[in-house]
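Chemist: Using the hints provided, position chains B and C relative to the given structure of chain A.
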Amino acid sequence: MNEQWAFVAILTLLAISVPLIAIGLAKVLRPKRPGTIKQSTYECGLETVGETWVQFKVQYYLFAIIFVLFDVETVFLYPWAVAYGKLGLFALVEMFIFLGILLVGLVYAWRKGALEWV
Amino acid sequence: MEQLAFGVLALLTLGAGFGVITSRTVFVSALWLVLSFVGVAGIYVLLGAHFLAVTQVLVYVGAISVLVLFAIMLTRDLMAEEHPQNKQWVLATIVAGSVFGTLATIGYTTDWALTWPRGAAGVASTSTETAASSGLGSSAVEAIGRSLMSEHLLAFEVVSVVLLVALIGAIVIARD
Amino acid sequence: MSMLLQESSAMRERLMHLLAGVLPEAWVGTGVVIGMSLLKATAIVLVIQIGMLYATWLERKLIGRMQDRLGPNRIGKFGLLVPFADMIKILTKEDITPRDAHSWVYNLGAILILPPALVGFAVVAFSSTLIAADLSVGLLFFFAIASTAVIPIFMAGWGSRNKFALIGAMRAVAQIVSYEIPQVLSLVGVLLLAGTLSMNQLVGSQGPLPAPGAEGAVLPGVWYIFLQPIAFVIFLLATTAEIERTPFDLPEAESEIIAGYHTEYSGIKFGMFYLALYFATIAAAAVTAMIFLGGWQPPVPAFLIPESGPITDFMYNSGWLWMTIKTVFLVMVFMWFRGTLPRLRADQMMAFCWKILVPLSLANLLVTGLLANLLAPLASPMAYLGAFVVANAILLGITLWAVRRWRERGSSGDFVFEVQPAAAPSGVGGGD
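Protein chains in written order, with the numbering used here: chain A, 21 to 138; chain B, 1052 to 1227; chain C, 43 to 474.
If we strip away everything but chain A, and leave its shape as in the complex, we get (with noise of 0.2 Å):
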């Protein structure tokens, strides 16, 4: 079992340097001639006026919360899907319960237009 989760480090290892090698080979390969305008910043080919700052749409940071409301839900369903055989009916039941509570929180994001993307 270690054995594998070792295969799954040296994979990452090797999946990390892919790109060091090639970008490392482009590097010898590729032109180089740094120039003013070329390396201003990308704005439709006009100017760029004031900082760099967005602005604060809380859809954001609302989508991300109600996911990782539903990650944690995931997460909680996966060991309970896998069990389910073993388990009665009785564990259906119970999760039942948990997703109903989770769906009022759905439904309530829902009402609140939570949901909209503005």
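Careful: at least some of the hints might be erroneous.
Claimed, not checked - To spell it out: a stretch of chain C is covered by chain A in this simulated footprint if at least three of its residues, at any positions, have a beta carbon under 8 Å from a beta carbon of chain A; those stretches are: (1) 76 to 87; (2) 399 to 407.
Unchecked claim - Derived DSBU-like pairs (lysine-lysine); straight-line CA-CA distance at most 30 Å: (3) C:K103 - C:K119; (4) A:K52 - C:K135; (5) A:K132 - C:K397; (6) A:K47 - C:K135; (7) A:K52 - C:K131; (8) C:K131 - C:K103; (9) C:K135 - C:K119; (10) C:K82 - A:K47; (11) A:K77 - C:K397; (12) C:K135 - C:K103; (13) A:K132 - A:K47; (14) C:K131 - A:K47; (15) C:K131 - C:K119.
In short, the hints are calculated from the structure, not lab data.
Where is the CB? At the ideal position from N, CA and C, for every residue including glycine.
Modeler: Just chains B and C now, with coordinates in the frame of chain A:
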């Protein structure tokens, strides 16, 4: 070999933690934090808690990091280098030191022998464990599921309520 | 592929002898593990790299044909050398780094975009014995790795110091993150029936051939696409959104916010984003094939396979063939989507995810749970098949009816797919 792996992971996690507090941009601190999450996931793997490791990556790196990064990007002047000055650093050092001391003492003096039947010493043996003895893996997830439904049922249902409260709270605050 | 298995044990022996001469006693075991892992990892990277190169060729040819043109056909016969021409082009382009870009976050974003797509291949079973790491939590592992892809996107968007790159990055992250939920939720139904998170066992439970190490009968014995068609559709759509392909490729669409989070990257660094996209497509196709289409299982029911004989041997050894066919088929389905479907708007995309896919996958999971419980005493694949097909049909019917009623009601501007004139709220709009 496992000692080496643990050493590397521990160094990674601690180094990332150090990176969090020493980097000058908040965004970069958040990135170091993500690295420390990955390190912790690796340590979970070494402990044999595969499901927990995968969950750690899924929830912490995939969800909570996103939350943290969104929060940073939406509330800060992005490129500012910050030089926060802490006037209370003496008190902070004392508090942090005592918390660390308490945790370290607990860590050293507790008998961590697990009741999970993994062998006499309760530790994973060499990296060439056979498939038979590590067939534990799949039953571990099943065991988690079963215990969620029996021993820890109340905690499980309470978790859903806590999540609901968090969601409603976030929406109420954000709507202002 | 039992040949390959014997070869790999032979290789392990040789490696052990080789290292025994070089390393001290205690380190040989470690050395063998690292050596074998390196070999497997290199093999995977090479094979998938070639696969990816030809996936780009296939995409251009296929989409060309769908648009009634030939696609590349000049470089090499049928344009087969085009991927290499592309490679040379990308490697030799000048790397224009914006002056203001953050020193290392910018570069790290380009470097780290590739690993999540590649590491996912660790749990892909190319055949019943050709799985690099049959982790006991393989399924969740794949999605955990896929979910880490958002971090390099953030890095790319922020490190470029470009307002639009940043907005593009945040949108892309919001999209990826939202569609992860239906993606993993739809699989819970499959898990209820399979009872395992290990990829190989999951494929093995789709019958007729058991995976190595399986205990007990092979249930349910049919491909999960038949038992969970709704889950399959949800999973396919959510995965298309996850890998940011059309119709969900808003973050990188050419006519949109310039090029989104990879605006400021040129040359090989842009190549990395491109590569990651194709690796992810192949990985997604492979995983979908494994979960829903029976992976390396041959497409014949159990009773048609004789006890022994050449046909049986062929069936046992041809796992890689079936897997390849299914994966290529699904890759072509993804390309088919790209050539046919128009792009979704950001709000349509989010509404579709949270208001349709998530409730549907929850409903599917509840129905599956109920049915699995009721069907437990019966142990025949046919009973499962019949019951689930009926249940899914009912669920689909209810969903379609609900959506239609909702649109007819002119649901307060929610979820509008056609442009409705303000004075006619009864939704008698044309089209779908």
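Chemist: A separate judgement is required for each hint: does it hold in the structure or not?
Modeler: Hint check:
no.	hint	result
1	76 to 87	holds (count 9)
2	399 to 407	holds (count 4)
3	C:K103 - C:K119	holds (13 Å)
4	A:K52 - C:K135	holds (9 Å)
5	A:K132 - C:K397	holds (13 Å)
6	A:K47 - C:K135	holds (10 Å)
7	A:K52 - C:K131	holds (15 Å)
8	C:K131 - C:K103	holds (19 Å)
9	C:K135 - C:K119	holds (26 Å)
10	C:K82 - A:K47	holds (28 Å)
11	A:K77 - C:K397	holds (21 Å)
12	C:K135 - C:K103	holds (24 Å)
13	A:K132 - A:K47	violated (52 Å)
14	C:K131 - A:K47	holds (13 Å)
15	C:K131 - C:K119	holds (19 Å)
The structure fails to meet hint 13 from the earlier list, while all remaining hints are met.
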